[in-house]
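Sequence order for the protein chains is D and R. Numbering-wise (this note's numbering), the first sequence opens with residue 1 and increments by one. Numbering-wise (this note's numbering), the second sequence opens with residue 1 and increments by one.
Derived from the structure by calculation, the hints contain no laboratory data. Every value quoted in this text rests on a predicted model; they were computed, and no experiment measured them. Do not rely on the hints blindly, as some may be mistaken.
Computed list of lysine-lysine pairs in DSS-like fashion (alpha-carbon distance at most 27 Å, straight line) [claimed, not checked]:
| id | chain 1 | residue 1 | chain 2 | residue 2 |
| --- | --- | --- | --- | --- |
| 1 | R | Lys57 | D | Lys26 |
| 2 | D | Lys104 | D | Lys70 |
| 3 | D | Lys101 | R | Lys9 |
| 4 | R | Lys57 | D | Lys101 |
| 5 | D | Lys104 | R | Lys9 |
| 6 | R | Lys71 | R | Lys9 |
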Amino acid sequence: SQQGEEDPQALSIQEGENATMNCSYKTSINNLQWYRQNSGRGLVHLILIRSNEREKHSGRLRVTLDTSKKSSSLLITASRAADTASYFCATDHPPQLVFGKGMKLTVNP
Amino acid sequence: NAGVTQTPKFRVLKTGQSMTLLCAQDMNHEYMYWYRQDPGMGLRLIHYSVGEGTTAKGEVPDGYNVSRLKKQNFLLGLESAAPSQTSVYFCASSYPLAPTNTGELFFGEGSRLTVL
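Work out the full structure, taking the sequences as your base and the hints as a guide.
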């Protein structure tokens, strides 16, 4: 399977703390994307990092990519209760996007 | 802009019945996808299309058929529903960043299907 894997599968933190999620994948990629899914809703795109980039920022989000280790991390700083959701990494296998199984983040007020 | 719209949002079927899920996008995207989401399995690609009149199989295509007669619509059909097809189905659309790069996917809100 080309599916990536997020780690940990679940994370519970307090509001204001940082949350780090990791994604490992198996084959070479052109880009890697992160998505958020609130309960009962569709997925929403967060950030895309290309294979020639090592780090990217978007607001409170910081994504890193290490193609030599085939891994990526998503850091959410100063978390809020509204960040409670499932997060997925997805790897680019054109024209397909292959999603990991996701990880559940709970931010407690 | 409605984005990606899926109908119906909920449906209960009996084993052996047929149905069609409709996905419509108003962003003029070339690529469209159907995924299914099951607990602990993440999202798995059923079928996809890279343009009007084209379709291709994804990871789990068995038991499903698709059609893309118009660029804005992507239909997912179940000819003879089985309990194993109980799932939440998501449609998504995208534009290619380049021939070798898949862009951001825009998702619908999902269609929850139960097969008894």
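Cross-check of the supplied hints:
no.	hint	in the structure
1	Lys57(R) - Lys26(D)	21 Å, holds
2	Lys104(D) - Lys70(D)	22 Å, holds
3	Lys101(D) - Lys9(R)	23 Å, holds
4	Lys57(R) - Lys101(D)	20 Å, holds
5	Lys104(D) - Lys9(R)	24 Å, holds
6	Lys71(R) - Lys9(R)	22 Å, holds
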